[in-house]
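*Asks:* Since the structure of chain U is provided, determine the placement of chain F on it from the hints.
The primary structure of each chain is shown beneath.
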Amino acid sequence: MIAEGGLAALWFAATLAGLQLLLGVLALRHRHAAGEQAMAAIGPVAIVQGALVAIAMGALIAVFLATDLSVALVAENSHSAKPWIYKFAGAWGNHEGSMLLWVTILGAGGALVAWKERALDRPTHVATLAAQGAIALGFYGFLLFASNPFARLNPAPIEGQGLNPLLQDPGLAFHPPTLYAGYVGLSVAFSFAVGALVTGQVGPAFARAMRPWVLGAWVLLTIGITAGSYWAYYELGWGGWWFWDPVENASLMPWLAATALLHSVNVLAARDGLRAWTVMLAVVAFSMSMIGTFLVRSGILTSVHAFAVDPRRGAFILALLALYIGGALALFGARIGQVRAGRSFTFVSREGGLVVNNLLLSVILGIVLIGTLYPLIAAGFGVRLSVGPPFFHAAAGPIALVLVAVMAVGPMLRWRRDQAEAVLIRMLWPMVAAAGSFALVLTLSGGMGVLPLLGLSFGVGLIVASVLPMTQRNWRRTPLPIWGMVVAHAGIGVSLIGMACDSAFTAERLVALYPGQATIVGPWRVELNRIYPNVGPNWSALEARLTATRDGVGTVLRPQQRFFTDPPTTTSESAIATGWDGQLYTVLGQQDAATGRWQLRLWWKPFVTLIWFGGILVALGGALALVGRWWKAWQQRRREALWG
Amino acid sequence: MSLVLALALAAAPAAPDLGNTQLPDPHAEAQARALMGELRCVVCQGQSIADSDADMAADMRALVRQRIARGEDPSQIRDWLIERYGDYVSYDPPLSGATALLWATPILLLGIGAWIARSSFRKRR
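Protein chains in written order, with this note's numbering: chain U, 1 to 644; chain F, 1001 to 1125.
Next up, chain U with everything else stripped away, as it sits in the complex:
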């Protein structure tokens, strides 16, 4: 009964999404009584729609928690012996469930816009809700007609087939919801842009209303990507943290677009410039979210994340994509002529720096997009090829370094007009720091690659440049968004240093040892003490006890070879020792059949943790800016209440 209730809620939610679109069109077409009524009704409809789809998601989680095997999705993706957290999170560890989670967050976003958004003018608000309804309607259609999560199975099997063991990790409970919330935040920005194009209200007020949504989405995407990268790092067992895998690229592309949008929306809010740019980027950012969803969900790319391979679904999402992106671009083409050009400025100015930032981010986005799609397009012409790290590093690496340089200079530029010579003088210390670290690293370790060497020195320069604005300010009077910018920019520098250190200084040791034998990796001496069996709720394992010693201090690590029966899979569970200056990463491999020795893979990765620490700083910077904006808006409202 719970499954049928969930399905019914989904149908109702879909109907209300259609109604939401209809009411929006009605409200904007008819200015009089009927229009007024439609305008008043659209908000509550959006809120009820959000509640209904949340009920559907709740129903799916309930059948997963109960392991109701008469529901096909549960039978195919769950198992009664799984720990409850993976039953819960397993609700979205499959195609149908993850699409339902997607529309649930979309519904919640729409409800939030209806309930809380007060900064937009009323017609634009209504148009935004109508656009949100239109997006939701398409994805409800996709769920109901091509991916029904509540389909029954008769007769019900005795046991489920289980969840892919690679996904059986606490990361599954947080990573997809965070990323999806980020994607959906961008859907709000998209709907805002469509709404503003319909009503023609593109200006600072619109930008100020859109900004918190973009900031929030961007923070969530940053957290999602950072956490996903760390998850892949410890789960896959080879020490890599970014593979330029199509699915990773699918999450990176919306982030790049959102980063550009975030900067452009600030120019629009503060200086009334970059109107068309901002609207375009809002359209592009959510388009990238949808393309990402298409790439992952259609199963068109083979990767760990693609658990659905069904051409009909791919065609359905592709049609939705063409409809929404094509529609938004057509609207953009038709209406942007009526949006007055924003204020102009010279090349050497804060706005100029932000335009270059937008340009470079968009170029990197284009490179990642084309690099990801190229093998697919080539396959269409009968050519089989692979595009991987060497291409992305060569094509995007140099541009990313220029972008970092612009990031360092940007906050030190004046609005509207600045002098190039004066800027160079202001940038003295960051340039000294970058050149100094370049020379230092070059003399200390000669054989370092060019990209890591430049990455390291640019990272140091960026951190110095990021804190520079704070030296001229009274810290207590500095608004939170400025603090946010400083922290986020410095975070990029920190992350860059981590990446460079990992790629240049990692020490690797691949050995086969008998118990009692030891080996050396970096500053560590690692001894294999013994191998013994271990069991968990739905796995058995061979576990190694390793003693790692450094400067006389010992640490015990226990990497595993884990065997799952449902479905039958072996995974390597790495064991990691984290110090202030890096991580020792250990993996237990197979036993050598001829000699009886055990394979060990060991890595010493100096400062690798900076990669994710930097990511956290970037997200924290975004969160500070968001809180700062809220605080200011709240104060303003309170002042108005007092005086009005």
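I should point out that these hints are in silico values taken from the structure, not numbers from a laboratory. By construction, the Cβ of each residue, glycine as well, lies at the ideal position given by its N, Cα and C atoms. Treat the hints with care, as some may be off.
[To be verified] Selected chain U positions facing chain F (in silico; Cβ < 7 Å):
id	residue
1	V363
2	I370
3	L373
4	A422
*Replies:* Only chain F this time, still in chain U's reference frame:
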């Protein structure tokens, strides 16, 4: 060609298992490591042979290490593998008619972007 590979693979387990152990010479190992990171495991889902648990990937790693140890140039080994498995095996797509557009992407995008951005700037007085 296939006979060579078969012999090479058959010979692999006798000496130290080069699919899972490093070469003694750090310089040669670094070369092998760099090349392995750029070769695709053809039976896996989007992994390089340097990051894969598959037996096939271990065999290919052993092959790369043996040939590097024999003094072959990494680019020769890559070409040999491309000849056998096609362009698909290399994550570094070789420049050809089919990939010209791919490699031109950064320049083209920068050009288009600069042309669009130009209109945002006011002429300097």
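*Asks:* Next, verify each hint and record whether it holds.
*Replies:* Okay, the hints, checked on the actual structure:
1. V363: It holds, given that the least Cβ distance between V363 of chain U and chain F is near 4 Å, below 7 Å.
2. I370: 5 Å, holds
3. L373: 10 Å, violated
4. A422: Status violated, d = 15 Å.
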